[in-house]
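Protein chains in written order, with the working numbering: chain W, 1 to 160; chain G, 1 to 271.
Hint data in this document are derived by calculation from the structure and do not stem from the laboratory.
Where a beta carbon is used, it is the ideal one built from N, C-alpha and C, also for glycine.
A couple of the hints might just be wrong.
Unchecked claim - Lysine to aspartate or glutamate pairs mimicking EDC-like chemistry, simulated, CA-CA at most 16 angstroms apart:
(1) K92/G with D58/G
(2) K112/G with E263/G
(3) K197/G with D31/W
(4) K113/G with E170/G
(5) K197/G with E103/W
(6) K36/W with E89/W
Said to hold, decoys possible - Here are a few chain G residues that face chain W, going by a calculated C-beta distance under 7 angstroms:
(7) H189
(8) H191
(9) N194
(10) Y198
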Amino acid sequence: MFGAVSLVVANPFTLLAQDSKQSLVNYEIVDVIQSKSIPKSLTGKRGDKKRGEALMIQRSKGNCLACHQVSLFEEKAKTDPNAYGDMGEVGPTLDKVAKRYKEGQLRLLLVDAKQVFPETIMPSFYRVENLHRVGKKFKDKPILGPQEIEDVLSFLLSLK
Amino acid sequence: MSQRLIICVMLLCLPSFTAFAGDGREKSVAPLDGDNPLSNLWSGFYYAKPQTKQMQLDDFENPGLLYVEEGADIWNSRAGEAKKSCASCHGKGDVSMKEAGARYPVYSARLKKLVNLEQRINLCRTDFQKASAFKYESRELLSLTAFVRHQSKGVPVRVNIKGAAKPFFEKGKAFYYQRRGQLDMACNHCHEDNYGKYIRSNLLSQGQANGFPTYRLKWQGLGSLHRRFRGCNSQVRATPFAFGADEYVNLELYLNWRGSGLEVETPAVRN
Chain W
1 MFGAVSLVVA NPFTLLAQDS KQSLVNYEIV DVIQSKSIPK SLTGKRGDKK RGEALMIQRS
61 KGNCLACHQV SLFEEKAKTD PNAYGDMGEV GPTLDKVAKR YKEGQLRLLL VDAKQVFPET
121 IMPSFYRVEN LHRVGKKFKD KPILGPQEIE DVLSFLLSLK
Chain G
1 MSQRLIICVM LLCLPSFTAF AGDGREKSVA PLDGDNPLSN LWSGFYYAKP QTKQMQLDDF
61 ENPGLLYVEE GADIWNSRAG EAKKSCASCH GKGDVSMKEA GARYPVYSAR LKKLVNLEQR
121 INLCRTDFQK ASAFKYESRE LLSLTAFVRH QSKGVPVRVN IKGAAKPFFE KGKAFYYQRR
181 GQLDMACNHC HEDNYGKYIR SNLLSQGQAN GFPTYRLKWQ GLGSLHRRFR GCNSQVRATP
241 FAFGADEYVN LELYLNWRGS GLEVETPAVR N
């Protein structure tokens, strides 16, 4: 379906799989007047918007549509309901999300939304500590890798 | 959006179900205990698809009733060294088991912990019939549990959380609100904060226990509440507990307290 893209995302944990205890990359949280953010890219590289879209819809990866809606996808759902259909109602729409948040704020929301909304249902996509009874297969692995966070972010930034 | 359409279809279908209104399924009931965080209790029945509801309500269509019949056969069969059947001591289930299905789990002074219905049945197997315990989630134990709890159908759930049961209730409550798994979610995130909303193609309910053991279309069979717990743990990528684990029995008491006031529906039919 996504050709080369799915090749890239097929085994995102290869890096981590070699050594599952490998520590995550460092990032700095900046807190300016109640507005926390991670201003810098986790990898120093820009994200790939197309790959980000693929990660968002993939159920075993971001699975963002389990909770969020993106109007842009409604049209695509007509021809590809498996990939783009069944958008949930638990989270807010992501339409124009880049107008509501700056890049660094969005990055932090993906990395660890609980730093901003402590009670949220939203998973922390790039955090491995302070988790409870994580299944063996998933232990010490973040839901998304650092470049994958940048990829998803890149797609979100296009929603203006 | 597709879910809007589904809601519309459900609304259109509602009039045909008004006949059942008032039985606590198509309308909410007030919780028995004012401390309940839910101000209105909705059975999972309310959130099921119209054809699933129909299946549950129709005695010829409800596949869970096959298990209840099998359970009735076990109830009446002699077993073990004592060569006694359940009926030898308890007579007809509809009288002796009228309330049991609505008030378990209960505290056992002998075991110094809670026992649920499955475990109580197995205690009678081993202590009184001198037979071996049925395996948790075996067809026999599911059928017998369904038979016993079916006798309480229509009786409002009412569990005792006071006295010796209190510390176990507190543990169950702590479990309910504990985030777990790689996805870092607790039960309340789905079943308290978001019931009535779609998560993907699933309409979230309050996660009530009043219909268990439940026939799930996805399982193509009857399953225990602990099987459901295991599923809800695994889907957030957490390690589930074993069937019959103390942690799950404590959670079961807490969940039944959250649903105290809802009528027992066993065997319910769900997606």
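- request: Mind checking the CB of Y198/G against every CB in chain W and telling me if the closest is under 7 angstroms?
  value: Result: holds, 5 angstroms to nearest chain W Cβ.
message: Tell me if the straight-line CA distance from K92/G to D58/G falls inside 16 angstroms.
response: Violated, at roughly 24 angstroms.
message: So, as I understand it, the hint says N194/G touches chain W; can you test that by seeing if any CB pair is closer than 7 angstroms?
response: holds (5 angstroms)
task: Tell me if H191/G is really an interface residue toward chain W, meaning its C-beta lies closer than 7 angstroms to one of theirs.
output: At 11 angstroms from the nearest chain W Cβ, H191/G fails the 7 angstroms test, so the hint is violated.
task: Starting from K197/G, check that the Cα of D31/W is at most 16 angstroms away, please.
output: The given pair, whose Cα atoms are some 33 angstroms apart, is violated under the 16 angstroms limit.
- prompt: Given the hinted pair K113/G and E170/G, is their alpha-carbon gap at most 16 angstroms?
  reply: Distance ~13 angstroms between K113/G and E170/G Cα, so the pair holds.
- prompt: When you check the alpha-carbon spacing of K197/G and E103/W, does it fall within 16 angstroms?
  reply: Distance ~29 angstroms between K197/G and E103/W Cα, so the pair is violated.
message: Next item in the hint list is H189/G. Is there a CB on chain W closer than 7 angstroms to its CB?
response: Nearest chain W Cβ about 4 angstroms off; hint holds.
field: Pairwise hint evaluation, E263/G against K112/G, where the allowed Cα distance is 16 angstroms at most
entry: Not satisfied, since the Cα-Cα distance of roughly 28 angstroms exceeds 16 angstroms.
- prompt: Do the alpha carbons of K36/W and E89/W lie within 16 angstroms of each other, as the hint requires?
  reply: violated (26 angstroms)
Hint check: violations occur at hints 1, 2, 3, 5, 6 and 8; the rest are consistent with the structure.
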